[in-house]
Amino acid sequence: MTLKNIVISNLRRRKARAIFVLVGLLIGVATVVGLISLVQEMKEDINHKLEMYGANILIVPKTENLSLTYGGMSLGGFSFDMQEIRQEEVAKIKTIKNAANVAAVGPMVLGPITVGGHRILLAGVDFTAAQILRPWWSVKGKMPTREDGVIIGSDASRIIGLKPGDKVTVRGRALPVTGVLEATGSQDDGLIFAPLAVAQGILGKQGRISMVEVAALCSGCPIPEMVKQISVVLPSGNVMAIQQVVKGRMETISHFQKFSYGVSALVLLVGCLMVLVTMMGSVRERTVEIGIFRAMGYRKSHVLRIILLEAGIVAAVAGIAGYFAGVGATGLLLPLFTQGQGHGAISLDPVMAAAAFLASIMLGIAASLYPALMAARLDPNEALRAL
Amino acid sequence: MSYIDAKNLFKEYGTGAATVTAVGGVNLQINAGEFVAVMGESGSGKSTLLSMLGGLNAPTSGSFLVDGVDVYALTSDGRADFRQRSIGFVFQNFHLLPYLTLAENVMLPLAIVKMGKKQKLAAAIDALGRVGLSDKAHRLPNQISGGEQERVAIARAVVNHPPIILADEPTGNLDTHTGSAIMKLLIALNHEGITVIMVTHSNEYAHYARRLIRLSDGRVVDEDTELQCSQSGRVNADRTQRKN
Chain A
13 MTLKNIVISN LRRRKARAIF VLVGLLIGVA TVVGLISLVQ EMKEDINHKL
63 EMYGANILIV PKTENLSLTY GGMSLGGFSF DMQEIRQEEV AKIKTIKNAA
113 NVAAVGPMVL GPITVGGHRI LLAGVDFTAA QILRPWWSVK GKMPTREDGV
163 IIGSDASRII GLKPGDKVTV RGRALPVTGV LEATGSQDDG LIFAPLAVAQ
213 GILGKQGRIS MVEVAALCSG CPIPEMVKQI SVVLPSGNVM AIQQVVKGRM
263 ETISHFQKFS YGVSALVLLV GCLMVLVTMM GSVRERTVEI GIFRAMGYRK
313 SHVLRIILLE AGIVAAVAGI AGYFAGVGAT GLLLPLFTQG QGHGAISLDP
363 VMAAAAFLAS IMLGIAASLY PALMAARLDP NEALRAL
Chain B
7 MSYIDAKNLF KEYGTGAATV TAVGGVNLQI NAGEFVAVMG ESGSGKSTLL
57 SMLGGLNAPT SGSFLVDGVD VYALTSDGRA DFRQRSIGFV FQNFHLLPYL
107 TLAENVMLPL AIVKMGKKQK LAAAIDALGR VGLSDKAHRL PNQISGGEQE
157 RVAIARAVVN HPPIILADEP TGNLDTHTGS AIMKLLIALN HEGITVIMVT
207 HSNEYAHYAR RLIRLSDGRV VDEDTELQCS QSGRVNADRT QRKN
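Same order as they appear, the protein sequences are chains A and B. Using my numbering, the first residue of the first sequence is number 13, and each one after it goes up by one. Using my numbering, the first residue of the second sequence is number 7, and each one after it goes up by one.
Incorrect hints may appear among the rest.
To be verified - The calculated DSS-like cross-link candidates involving lysine-lysine, where the alpha carbons are at most 30 Å apart (straight line), are:
1. A:LYS27 to B:LYS142
2. A:LYS16 to A:LYS27
3. B:LYS123 to A:LYS312
4. A:LYS109 to A:LYS154
5. B:LYS190 to A:LYS312
6. A:LYS240 to A:LYS106
These are calculated hints, taken from the structure and not from any lab test.
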């Protein structure tokens, strides 16, 4: 017989009260775990969707000559003719510390050409990367192959009068028009896009590129840090984060986090109050019992330990059950929040499980501290008079 | 010097005009191994006195020494240790914990003692054996009679071998036959050298003690010091009373 035996026996006897405390904490823990898991999953989902916004890091040559605006964002200055990035250097981006966070690297060469008497910008791109960097592209027709073919922006198509199946002759080279871009509302509408190698050949810029677009967005991607890392491996480039997009993403995530923390704190507070009230009732109900303990020679600290141990055991069970309930609820609710586009099964996070377990115990004990002190301070003589 | 030495014990509740004196200047010296019965009407202060003798209720004034130790000069933990070492309480309503078996109830005072599990169980079974209930050690309190519950309460009081037993109306809820059996148990324990102080309303049971103290309005008004009892528990000596 130890204090632990007394506690366990009492919990078995007062099952309803123990279950009430357990449910109070369980709901709190499950809500916190559920919300945090849900927000994490939603963050990943949001990031995944935000990646569809395209590139968020731009690398342009270091130059002071011309300023270029692209997509409504200031990209800094670069010169078409003077300084460019060597294509083989682009591969170094995949060697940075956060290379795993790089979703796509899109080198681009730009140069003016004349088609049908119209001056127009030819852009050489990697069409595979372009599908990630410009997911909003919708092509009437089909994408060009690596070797040949071009697609034309909607404005360029209208002005020059080209449509899929036509051929466009650029500097004596006839290229088939495989498709026309649907209007995007961006500068892409006025461009002709060709495979990178083809455009480099036409513009006489073999092995050189004008700019690099990088899509790097995921949960916990340190964009500023990645910009620094790319600057180190690409000293000839001016690496810039597209702040608007990054900030927008971070703000969205931040709002979700604040919301979840607020709701979690509220639910935990209610859970703790439930524990407090229940334990207070338990102590009052056990006045006689505590009096007997004290008469037998139990110290105040023994009584304190009995009450806190009881709360701790219930809280530990609530922590474990609450974690699994929270994860389970997230699994059920996630499709509703992500419109069925979640990332599949929710994975069990041992760190979060341990945190839920420990936090539950700490909260259970903290909420029971006042009732425990009340029990410990109970005048044994008063308890005897209650006998 | 007496084993238990209470001098001019006062206990007052409330303040000012609302002050109520529960115990008003009790002097009491009890030698080790005595069996003392405390009688009095309801409100006479006997239960208050018993709780003061048990180290549970600090007197408003006066001193209380057990084996030369001033109990109320001890800290709260010190008094708890004193109770654990020196006092075994037997309550009128038994107050066994209903969710523990008889053996576990008896082991309760040992839960805070550093002892092996088997030693504690052996001590509990031994104590239950002393009250004739070792065969029911694994039953719950609601599975035995009231008299048996009181015997378990006595076993719980003696399991840690305290030198003093304080019994508050130990026969109050029992029929005459069962009450007599309980008294025999207390006498047997007293014969083992345990000092027994018992509060009772019953003249019959009071005369099992060797000494009878009567309280009224918180004061000792009467004391019989030559009571004797037989092994059968019957009073076989004429009661002589001396006014205090």
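Numbered hints the structure breaks, given as an ascending list: 4 and 5
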